[in-house]
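Chains A and B, in that order, are what the protein sequence lines are.
So for the first sequence, my numbering puts the first residue at 1; every next one is plus one.
So for the second sequence, my numbering puts the first residue at 143; every next one is plus one.
Hint data in this document are derived by calculation from the structure and do not stem from the laboratory.
Check before you lean on any hint, since a few could be wrong.
Below, simulated DSS-like cross-link-like pairs (lysine-lysine); rule was C-alpha separation at most 25 Å, straight line [said to hold, decoys possible]:
(1) A:LYS30 x B:LYS180
(2) A:LYS49 x A:LYS131
(3) A:LYS68 x A:LYS92
(4) A:LYS116 x B:LYS144
(5) B:LYS144 x B:LYS284
(6) A:LYS140 x A:LYS98
(7) A:LYS131 x A:LYS30
(8) A:LYS49 x A:LYS116
(9) A:LYS131 x B:LYS233
(10) A:LYS116 x B:LYS284
(11) A:LYS140 x A:LYS49
What the simulated footprint calls covered on chain B by chain A, stretch by stretch (three residues with Cβ under 8 Å from a Cβ of chain A suffice, anywhere in the stretch; the number is not a length) [claimed, not checked]:
(12) 165-177
(13) 212-224
(14) 254-263
This structure is a prediction, so every number in the text was calculated from the model and none was measured.
Glycine residues also receive a C-beta, built at the ideal position from the N, C-alpha and C atoms.
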Amino acid sequence: MKLGAVREALILIALACLPAIGQGFYFRDKVSWESPIPASELVTVDQAKAWGDGAVWVDARPDDDFSKDHVPGAFSLNEDRWNELLQQFLPKWSPDKKVVVYCSAQSCNTAREVAKRLRDEAQLKDVFVLKGGWEEWLKKNR
Amino acid sequence: MKFAWRILDLIVGGVFVYAGVLKVLDPVQFGIDIDNYKALPWFISVRLAFYLPWLEILCGLVLIFRFLYRGGLSILSALTLIFICATIAAKARGLDITCGCFGHASQHWSFPQHMAIDLAIFFALAALLCTELIRGARYDQKS
Numbered sequence: 001m002k003l004g005a006v007r008e009a010l011i012l013i014a015l016a017c018l019p020a021i022g023q024g025f026y027f028r029d030k031v032s033w034e035s036p037i038p039a040s041e042l043v044t045v046d047q048a049k050a051w052g053d054g055a056v057w058v059d060a061r062p063d064d065d066f067s068k069d070h071v072p073g074a075f076s077l078n079e080d081r082w083n084e085l086l087q088q089f090l091p092k093w094s095p096d097k098k099v100v101v102y103c104s105a106q107s108c109n110t111a112r113e114v115a116k117r118l119r120d121e122a123q124l125k126d127v128f129v130l131k132g133g134w135e136e137w138l139k140k141n142r
Numbered sequence: 143m144k145f146a147w148r149i150l151d152l153i154v155g156g157v158f159v160y161a162g163v164l165k166v167l168d169p170v171q172f173g174i175d176i177d178n179y180k181a182l183p184w185f186i187s188v189r190l191a192f193y194l195p196w197l198e199i200l201c202g203l204v205l206i207f208r209f210l211y212r213g214g215l216s217i218l219s220a221l222t223l224i225f226i227c228a229t230i231a232a233k234a235r236g237l238d239i240t241c242g243c244f245g246h247a248s249q250h251w252s253f254p255q256h257m258a259i260d261l262a263i264f265f266a267l268a269a270l271l272c273t274e275l276i277r278g279a280r281y282d283q284k285s
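Required output: the full structure, derived from the provided sequences and hints.
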């Protein structure tokens, strides 16, 4: 009996689950399942605040959002004016300080991208992304 | 003519096996590529990144060995169509995406290059599917 296309497709869809589950199991500790940012690169508002002067805050949101409001003492560093803002930011940074990058919310990607560029291009160490972003900071501080 | 369709099967099947293997080797990067489309939350993107490459490989092999053939063709056609729509939607939303379809080789492809390859694959799949359906209908008429 010849199987219909739909039934054949369902068999293939089910079969592909087997190696996928196996690979997922193998990678279970190497992948961040809940966030694209590994847990080791995330920091909560409370943790970052506890670092006090040992932390430099970086606002990865667009200029307009930064000018409306931002974490006190934060530097604006977004991808729209990367080269210009990076030159202004680097003199304020020192190797003993941790960098905390945030964007608008948990769902935004710009903080992750700015943090990656700071690590890869500016060769900075101890760069973290703020969990929950600006929204979370507001909740904890307003 | 049958020989030409068989060659097309092998080429398209081989392309999907190759693309799938590249993604299987680096599922995290593929997850980031899916996430860049900003269409799905991360927890879905990362799970798809582990699943879709195996589905591609399996369906590619189906085309090469002609087993569960119609099912494989249907899945690959649907996947390619979804991918084309997602790419166009991402472009319309101004997202600068890396498709990651063929690993590093496709990293610097422009949007028109992506579209040309995707549409060529889609039309090849559609042609194979139509041929198979016509062949099936003829077989049913005879029997």
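We went through each hint and held it up to the structure:
no. : hint                : verdict
1   : A:LYS30 x B:LYS180  : holds, 23 Å
2   : A:LYS49 x A:LYS131  : holds, 12 Å
3   : A:LYS68 x A:LYS92   : holds, 22 Å
4   : A:LYS116 x B:LYS144 : violated, 52 Å
5   : B:LYS144 x B:LYS284 : holds, 19 Å
6   : A:LYS140 x A:LYS98  : holds, 20 Å
7   : A:LYS131 x A:LYS30  : holds, 20 Å
8   : A:LYS49 x A:LYS116  : holds, 22 Å
9   : A:LYS131 x B:LYS233 : violated, 28 Å
10  : A:LYS116 x B:LYS284 : violated, 63 Å
11  : A:LYS140 x A:LYS49  : holds, 11 Å
12  : 165-177             : holds (count 6)
13  : 212-224             : holds (count 6)
14  : 254-263             : violated (count 0)
Violation of the numbered hints given earlier is confined to hints 4, 9, 10, 14; the remaining hints are satisfied by the structure.
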